[in-house]
Every structure is written in structure tokens, then in C-alpha cells.
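Enquirer: As given, the protein sequences belong to chains Z and V, one line each in that order. Per our numbering, the first sequence starts with residue 38, numbered consecutively. Per our numbering, the second sequence starts with residue 239, numbered consecutively.
Since the hints were made in silico from the structure, they are not lab data. This one's a predicted model, so the numbers in the text were calculated from it and none came from an experiment. One or more hints might be untrue.
Partner residues aside, some chain Z positions facing chain V, computed with beta carbon under 10 Å [said to hold, decoys possible]:
| id | residue |
| --- | --- |
| 1 | R189 |
| 2 | T337 |
| 3 | F371 |
Derived list of chain Z stretches under chain V, where covered just means 3 residues or more per stretch with a C-beta under 8 Å from a C-beta of chain V [claimed, not checked]:
| id | stretch |
| --- | --- |
| 4 | 74–81 |
| 5 | 199–213 |
| 6 | 320–330 |
| 7 | 340–354 |
| 8 | 363–370 |
All C-beta atoms in this analysis are idealised placements derived from N, C-alpha and C, irrespective of residue type, glycine included.
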Amino acid sequence: MTIPETTQLAGRKRARANNWAKSVLRFLVIIVTTYLGLLAVTFFIGRVIPIDPVLAVLGDRAPAHVVERTRELMGFNKPLYVQFFIYVRDALTGNFGTSVLTTNPVMADIRRVFPATLELATFGTIIGSLFGVPLGVLAAVKRGSIADQIVRVVGLVGYSVPIFWLALLSLLLFYAKLRWVAYPGRIDIVYEYSFTPVTGLYLLDSFWQGQWDVFRDVFRHIILPAGLLGYFSLAYISRMTRSFMLNELGQEYIVAARAKGLSETRIIWGHALRNAAVPLVTVIALSYAGLLEGSVLTETVFAWPGLGLYITNSLQNADMNAVLGGTIVIGSVFIAINILSDLLYRTLDPRTRAR
Amino acid sequence: MSEIRQATPRATPMTRREWLMSDRPQSRLQARLGRAYMTWQRFSANKLAVAGLCIILLLILIAIFADVLAPHSPVIGNLGGARLLPPGSEGYLLGSDDQGRDILSRLLHGSRLTLLVIVLVAIIAAPIGLLVGAVSGYAGGWVDAVLMRITDIFLAFPKLVLALAFVAAMGPGIENAILAIAITSWPPYARIARAETLTVRNSDYIAAVRLMGASPFRIVLRHVMPMCVSSLIVRVTLDMAGIILTAAGLGFLGLGAQPPLPEWGAMIASGRRFILDQWWVATMPGIAILIVSLGFNLLGDGLRDALDPRESGQ
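Go ahead and model the full structure; you've got the sequences and the hints to work with.
Expert: Take a look at the structure:
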């Protein structure tokens, strides 16, 4: 955190640059320590909690010399801090070891399954924001009305319901009884071999390639899980939107806008929401991160071949490399979104800029 | 109470309400009761919050009297004649599962596990957060910086995934699930405790205690930490629903309570296979989870509004 003395002695412009450098440095410290913390925790989980990690890999019937050899190969004869150093180096280069279950490098597995989770969470967040923001605005504008109460109850239920249970029931209703959506999975088996994804985001790929029947099928598969995740982010987004909007609607500039004779629509959507949008961006970003995590349970129910299903499958098979690799990836994305939303907030809100 | 309120204000004997609302309490007891009374007034004006409180009280009663209330054994079923009976069957109000066990009895006994989880998580996580926050806020300086950085690091983690990884390493089971949830849920409490500590740190009574020669250890433990408790209780209550959902999620994945324990999340998982034909096996435990976590959310909202009127607009 030391700043060269020359910049301190300079004029106002320099001082601003100095401030800027300071905040960049602060962010760097935050990013580095947070990632180190994440790696320290996963290191602790993977290497320290298991009584003997070698035993976990080889089983208890391995002969003594094999155990000794493996211990050396895995680096367990080195002191713990050296092990941690190697662990961090490996993690930074994307080397999480090999999955026992698939026999592939964990990173290759994750690269294969991650787009599915990304597509699901993104679609879910879009649904959640599209419905959540207007509902929150409605609740704030008609405060205390029936509409407000309904939005509140919808949000409360969203906070209280177990997502995997709702997923099961919605499968029962929309797939088994009504036949509105497709069965669990990502794409119909008919298209599995004829369709070659490029980005791994099937909706985007099929749209790009103009394969409308595939697009329709993919949509019928994704709509239910994404809709469920969307409902969860809706609960959070609508509640926060309501509270931000109430805050803005009580400000004096709203009174001024009314006195000026602006239409109510213009005041609500043009003035109040525009100011509420700044903290709202943070909320939406955080709910996006939450959905990446929430997809673990949803993917299990919908047999969605994403990171969540990968982690739970590995869990059931005691495949620790894969579990920890998945944890690090989700944790990294989570942290990145956290930091990005913080940065975004700072750039969008002029009040938080220079002090 | 309402008749008493109607009484003329000049009536010579002090009414109970006036005694409680007095601006000049004669004793510490009167002051405390008065504050509790006013909090209760604010709280009970909120119908939904009272409903939440009733749900939680009911849950506690059910957990205590589960043995008496449950018509059947929660663990041993009637495999011969009572497999997968639909709700409303003779003697099986909510139906039975694939082992011929009465779902209602399992739900009633499962309330004990739910209570166990939330009580233990609260007992482990809240004191950790309280201690970290109070020490950090009171000590300031580099201690504060380091402790808060650690807290922020934990705060930035995905809770469910981290809990999953913990349980995966420690082995499945309800104790490990509780530990994993507690480890991932203390950071917000530390933040709150620190904020509260900062507001009381420079107050006169702390200075007085310090002048009397109290050690920092004693000041933090006896004079700072009690001040943080009320806002902490609100936050813990608000978090209860999330804790229940996380525990149920771990149970659903087979990482929480192990069979034959009647844990609600695990019950949903075991009913998953029959969801198409015997929908009630998975549906009933989910309803129980929904009701209880709804109860905690309502109670938490009400408590926050009653104890902390500043935030009630939110």
C-alpha cells in the first residue's frame, strides 16, 4: 500500500490519479486475498480434513511401498505450506487433477459442462429481471394495495420454498400431466447427434444456425428449470426493487417533477426507476451469482448436464478432485461477479466516485 | 387491555398499561418490562408476524410431543399391508411411503431434526460471529482489518456449494451437515456485531468501565457483546429459513441425515422415484418445509420491524 512520495507532493490532478491508484490497489488486494482464501478453504477441505488423502485415493489394501510412492508423487511428504504453494500454482493454471469418475482432467470436464449451467442461470436471471423489476415497481407505486400484498406473498413463498421440491412438483404438473414441456435433460435424443453446438449455449447456437426445430426443442427443455430459477431471483429482485423505488419516490425531486406537470408514467419509469436502477444492477448481479449456485439442486432434479449435476454426481462417488474443482470454479465466478458488481456500482453512481 | 386503555387518564391508581409505559421507571424490572411491552405492541400489530410466531410455537410443541402425537412409528413401517397408501387412508392421514411408514408420523418426528439443525447452527454460528465482530470492532487497527478481511472472504463464497464440499470431505451425516452450515453462515453475524460494537465503543459507559480497570477481555465479553445481541437475534431468525432450506437441500442430495431418520429433505429424495404415481410421498415433506420456513421468514420480518423501526421501511 505504499505510494511513491512524488505523487503525494503533486497537484490536484496527481492527487486524483493517486486516489485512483489507491482504489485500484485496494481492489487488487481484495481480489488476491479473496481468491487465496477460497483456495485455502478448498485446500483445507481436500488435504487437511481427510485423515489420509493417500488412503482416500488408493484404498486400504494397497501395499506399503505403493502408498509411500504415491505419497511422494502427490507431494504429501513436503511441509504443508509447500503443498499449499503447489496447490495454488496448480489451481491458477487450471490444473485440478484428474476425475476418478470420468478419468478426464477435471478442468476439461468443467469446460464441457459449464456452458449448460451458464445458459440456465443467464436465462433464469433474464426471466427474473423481466418480471421482478416491474412487479417491484408496481408494489412500490401501489403501496399497501392488493397488488402490493400479492407481490409480497409471491416473494415470501419464493424465499421459503425448497427449490428441488418445487422442481419435482412442476415436473409432475407441466411434464407428466400437462405435457407442456419436454422431459428432463437438455435436448431431445433425436437432435443429440445432428446438432453440433459451437459455444455450448444451445439456444444461441441453434438460433445462429437457423435450426428452428432444434431451437424449439431446446426451448421446451430449458423453460421449466430456467423459469424456476427465474422465480427465485424474481422473489429477491422484486423485493429489492420495491424498497429502492419506495426510497426514490419519497425524494424531493419526485415532488418537483410532479409540480412540473410530468405524467405519472414518466415520473415512475423515467425518473424514479432510473435512479433506483443503480443499486438494482448490483442486486441483479448478485442474484445471477446466486442462481449459478442455486443451479446445483435444480440441475439434479432436471438431469441438466451442467456444473451442478457434475458436482453432485462426483459427490456421490467420492470424487474429491472433481468436487473441489467445481467448487473453485463456482467460487471464482461468484467472487468475480461480486467484485464486478461492486465496481459497476462505483462507476454508475457518481456519488461513490471521488471522496 | 382495550378496556384498561378506555379508563380516564386522571384515574388515581396507575393502570397496568401506564405503569408499563411510564417515562420514569422506578426499577430496572419496570423499564425492561416496559420495553418488552412496547416491542410486543409493535410486533403484534403485524398479523403476519403473529402467524409466523404461531407456526414456530406449533413446531416446537410438535417436536416436544412427537411421541404422543404420532400414530405410528416413524422408522418401522408395515411392509405387508401399508405400502404407498394414498392420503386419507384408514389410519394414514397423509398416506404412507414405500416402506409402509406413516408419512404424518415421520413428519412429526422430523420436526425434531429440523429444530435440532437450526438450534445447533444458531448456537455455533452466532457466538462465533458475535466474538469475531465484537473483538474486531473493539480492537480496531490491524486486528480489525485482518478479521474483517477474513469475514469478507467467507462472505464472498457460495454457501451451499461450500457446505457441499465440507460434507463431502467430512462424510455425510446430520452432525457434519450442521457443522458445514454453521461454518458458512457466521460472517453476516460478525458484520452486524462489528457495526453495533462501533456504535457503543466510544460511549461513556465503556469509558467508565475501562476507568474502573476492566480488562479489554472483560469489556468485550460483558459490556460490548450484550449490546449486539438484539440485532443479532433478528438476523439469526431471518436466516433460519435459509438454514432449513440448506439443510433440506443437503438431505435431498443424501449428504444430511441418513436413513432411516425422518429428515424432511431426505424424505423428498426418497419420494422422488414415485413422484409420477405416488405424488404424496415427496409432496408432504415439502409442504412441511415450506410452512416452517415461511413461519421463520414472517417472524423474522416482524421482529425486525418491531425491534428496529429504522429499517421497517425496507
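Enquirer: Against this structure, judge whether each hint is valid.
Expert: Structure-based check of all given hints:
no. : hint    : result
1   : R189    : holds, 9 Å
2   : T337    : holds, 7 Å
3   : F371    : holds, 5 Å
4   : 74–81   : holds (count 4)
5   : 199–213 : holds (count 10)
6   : 320–330 : holds (count 3)
7   : 340–354 : holds (count 4)
8   : 363–370 : holds (count 4)
The earlier numbered hints are all upheld by this structure, with none contradicted.
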